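Protein chains: 2
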Amino acid sequence: MAKERIVIIGGDAAGMSAAAKIRRVEPKRDILVLERTDYTSYSACGMPYYIGGLIDEVDSLIVRTPEVFRDKYAIDVRTRHEVVAIDPKAQRVTIRNDQRTEISEPFDQLLIATGARPYCPDVQNVGAEGVFGLSTLASGIRVQQFIKQEKPQKAVVVGGGYIGLEMAEALVRQNLEVSLVQRGREVMETLDPDMGRLVSQALRDIGVNLYLSEELQAFESANGRVKAVITDQRTLPADLVILGMGVRPNSELAEAAGIELGVKNAIKVDERMRTGTENIWAAGDCVATLHRVTGRPFYVALGTVANKQGLVAGTNLSGGSAIFPGVVGTAVSKICKIEVARTGLQEKELLELGADYVTATIKAKTRAGYYPGAGTITVKMTAEKGTGRLLGAQIVGMEGAAKRIDIVATALTAGMTVANLVDLDLSYAPPFSPVWDPVQTAARQLLNNL
Amino acid sequence: MAKERIVIIGGDAAGMSAAAKIRRVEPKRDILVLERTDYTSYSACGMPYYIGGLIDEVDSLIVRTPEVFRDKYAIDVRTRHEVVAIDPKAQRVTIRNDQRTEISEPFDQLLIATGARPYCPDVQNVGAEGVFGLSTLASGIRVQQFIKQEKPQKAVVVGGGYIGLEMAEALVRQNLEVSLVQRGREVMETLDPDMGRLVSQALRDIGVNLYLSEELQAFESANGRVKAVITDQRTLPADLVILGMGVRPNSELAEAAGIELGVKNAIKVDERMRTGTENIWAAGDCVATLHRVTGRPFYVALGTVANKQGLVAGTNLSGGSAIFPGVVGTAVSKICKIEVARTGLQEKELLELGADYVTATIKAKTRAGYYPGAGTITVKMTAEKGTGRLLGAQIVGMEGAAKRIDIVATALTAGMTVANLVDLDLSYAPPFSPVWDPVQTAARQLLNNL
Chain U
1 MAKERIVIIG GDAAGMSAAA KIRRVEPKRD ILVLERTDYT SYSACGMPYY IGGLIDEVDS
61 LIVRTPEVFR DKYAIDVRTR HEVVAIDPKA QRVTIRNDQR TEISEPFDQL LIATGARPYC
121 PDVQNVGAEG VFGLSTLASG IRVQQFIKQE KPQKAVVVGG GYIGLEMAEA LVRQNLEVSL
181 VQRGREVMET LDPDMGRLVS QALRDIGVNL YLSEELQAFE SANGRVKAVI TDQRTLPADL
241 VILGMGVRPN SELAEAAGIE LGVKNAIKVD ERMRTGTENI WAAGDCVATL HRVTGRPFYV
301 ALGTVANKQG LVAGTNLSGG SAIFPGVVGT AVSKICKIEV ARTGLQEKEL LELGADYVTA
361 TIKAKTRAGY YPGAGTITVK MTAEKGTGRL LGAQIVGMEG AAKRIDIVAT ALTAGMTVAN
421 LVDLDLSYAP PFSPVWDPVQ TAARQLLNNL
Chain V
1 MAKERIVIIG GDAAGMSAAA KIRRVEPKRD ILVLERTDYT SYSACGMPYY IGGLIDEVDS
61 LIVRTPEVFR DKYAIDVRTR HEVVAIDPKA QRVTIRNDQR TEISEPFDQL LIATGARPYC
121 PDVQNVGAEG VFGLSTLASG IRVQQFIKQE KPQKAVVVGG GYIGLEMAEA LVRQNLEVSL
181 VQRGREVMET LDPDMGRLVS QALRDIGVNL YLSEELQAFE SANGRVKAVI TDQRTLPADL
241 VILGMGVRPN SELAEAAGIE LGVKNAIKVD ERMRTGTENI WAAGDCVATL HRVTGRPFYV
301 ALGTVANKQG LVAGTNLSGG SAIFPGVVGT AVSKICKIEV ARTGLQEKEL LELGADYVTA
361 TIKAKTRAGY YPGAGTITVK MTAEKGTGRL LGAQIVGMEG AAKRIDIVAT ALTAGMTVAN
421 LVDLDLSYAP PFSPVWDPVQ TAARQLLNNL
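If you read the sequences in order, they're chains U and V.
Mapping of the first sequence onto this note's numbering: position 8 corresponds to residue 8, and the numbering continues sequentially without gaps.
Mapping of the second sequence onto this note's numbering: position 69 corresponds to residue 69, and the numbering continues sequentially without gaps.
If you are wondering where the hints come from, they were derived from the structure by calculation, not from laboratory data.
Please read these numbers as outputs of a predicted model, since none were measured by experiment.
One thing to keep in mind: the hints can contain errors.
The list cannot tell twin chains apart, which means a pair is met if one copy fits it or any two copies do.
Below 25 Å or equal to it, Euclidean Cα-Cα: the simulated SDA-like pairs (lysine to any residue) are [to be verified]:
hint: 1; residue 1: 337; residue 2: 54
hint: 2; residue 1: 337; residue 2: 398
hint: 3; residue 1: 268; residue 2: 419
hint: 4; residue 1: 363; residue 2: 68
hint: 5; residue 1: 154; residue 2: 210
hint: 6; residue 1: 227; residue 2: 124
hint: 7; residue 1: 337; residue 2: 374
hint: 8; residue 1: 72; residue 2: 136
hint: 9; residue 1: 151; residue 2: 230
hint: 10; residue 1: 363; residue 2: 20
Generate the whole structure from the sequences, applying the supplied hints.
As structure tokens, then:
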């Protein structure tokens, strides 16, 4: 076994978690990692904070460099090496390096960890200079350098998801005039609109011009540089554009090799992270996962999921046995002082499933009302009508609000009812919580509505 | 039913939660509350912050005054009315008011919510002026006024539990020279000593003189005022002493009426909050509860438990049906910048139970390492050997550390294993957590040790 060669395509969260795990278990295993950029094992989630100036050194986003993997882990990491084809039958990958030379390498086991890329609609001038998506660390550095060197004045963020909002805040911090165009009626469409409205307001409060229910149609450019964003309702002058319209899995390489895709064109894997093709595995933002609440396939691109899946793949690739049981739809973000979190299913998803559900929304405080720094927190919670089975929750609030979502994520995973949640022995002291934790206050209200 | 009279002894968390619940359900119900102090429905947990000067007005600790209960809730609340006897057969209580007149009132249903009092060993001069326990709001006000008027210079806190530590911090804030005498080898004996040591150090860091493994023997006094604390090893000059050696349930009244007591002399109740005596109920710091991890009786005095039990009693007393399923041993505290939390069983308890367990302790960061304000967090986690069933966790760390204990409290309640905990879909974004939440990092380490 130890002589079998493992090739990993992609050197970020999933790929390097797997590589590191394999190395810990099998000191002699032949591991080759092929990474098309200059960087490995970085925190893509940290880029908005680097661009916003909260973090000075881009190096602090890098967990481990290619040199560390080579020298300390004895892993053959080749940067600027892009895999352009997989041959599952011959068990070989074709690689193009930065000299554009094509070489071929054999594998016994292959792990595809190619990640995702920002969605980019096919509109006019989308290739203009100054229009950026954010995915790799290299793309984050390009945005930071563009701001530093070109000193743009007016930025437009297209799309109001997590990255869009975090980037809007980052650009406000860099003193740009920031507009945000969002197709939906509120930002953060993974929240219900009544909760999303609170986040929209938080953005206005930091000076972002919001254009809601408005759709991108094209970009205007001059001399190859972006000059404006054209929506179905107006033209917004812009010398910097950030695309925040979600991501798509980098699954084309797998598809071309005949590997089965699943929901949203993400690579289909089982809970051990095996694809449908023998000796080929996949993990991270390029794969589809299971939603543990619906029992259905689900696509989500998050660093925490990628790390876990990488560890599972690495465990199974090094003689162990591990499964990744799926997600419950948990996510969290911070927009200036506002914390936002969600887990489980939102109303839109419940309606699609034809679920019979009830909701409750409460306002409370993050700490005891009399304790300094107590801020507002709004919790919306959803349960199945009749049974009271917990279905999801959303939180918007001040410091200390968001991490409470983990209580609900844990309870959801355990299949708890709203009554079970009310009964939980949660921690209480005035600096941390009112005597009834806000998630339990929401659960109490929801009990009444069942 | 609505004409039956309910008498409640004690007007704080449990008593008034019950009273308010009954009133919401039954607008006409005859409710009499007898409270021996001047105050109702206050946050006893907030007193250290009031004494420490973090909260200016004592009124902000009062959730609802007796007047509000009388005027808005139509509840007959009588303050300065102390119940001195219960006659279960005659269904009457004997009350002494502040004119020392004894009167008698009938009840159909009685709820005992008499709370707890600081433990006070029977040593010399314990009654000297300047020696305080903290339980009622009145006692907190006395301490605050003593500091303001008598301007003590040297304080000794006897006992290193939550109240002792919070008071030590409060007194440091008021610029007193503070010493703390603790019988155990570290403060916070609800933590294992290896975790308690971190809290001991945090106290030293704010300038508290710690005397560990040292026992109170007597107080020295002059003219009726405390002058020193005498331990088995030294004499510590003191013009203010705070007793922080835990609390005892106020169960004497119940005991005298022939009502059965349970563990630690707390009143024995079933999960509906009924005592063993017909038509008599009890809730809050005066009752014993169930530990959901051990399945054994357990005594704990915490505002959050008292509120929940009061609601359960009130629900059952107003024609509804509710149970209080017990606790898992969750508690949290903040000592200056250090957050401390625990849930489940500590090693001492596991050894007493003869449990076969393993532990893991990890150090991590509260946020992504590169994100501003990332602080250290230490998590110790315990599971049953072999099965991996979660048994408990302890957390000591900087801002954002402690509330994570709720994840473990929820997982414990659900009977999860350590592997289940690793699989949880917890929230991640750089301002909130490393990509592996520290509780999952601890769980991963613990998995290796099973």
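To see whether the hints hold, each was checked on the structure:
1. 337 with 54: Both ways: residue 337 and residue 54 sit 14 Å apart in one copy and 22 Å across, limit 25 Å.
2. 337 with 398: Classified as both; 6 Å inside a copy, 19 Å across copies.
3. 268 with 419: Intra 36 Å, inter 24 Å, cutoff 25 Å: inter-copy only.
4. 363 with 68: Only across copies: residue 363 and residue 68 sit 22 Å apart there, 48 Å inside one copy, limit 25 Å.
5. 154 with 210: within (14 Å within a copy, 58 Å between copies)
6. 227 with 124: This pair counts as within: shortest intra-copy Cα distance 12 Å, inter-copy 84 Å.
7. 337 with 374: Both ways: residue 337 and residue 374 sit 13 Å apart in one copy and 16 Å across, limit 25 Å.
8. 72 with 136: Result: close within a single copy only, 24 Å intra versus 60 Å inter.
9. 151 with 230: within (22 Å within a copy, 70 Å between copies)
10. 363 with 20: between (44 Å within a copy, 20 Å between copies)
Violation of the numbered hints given earlier is absent; every hint is satisfied by the structure.
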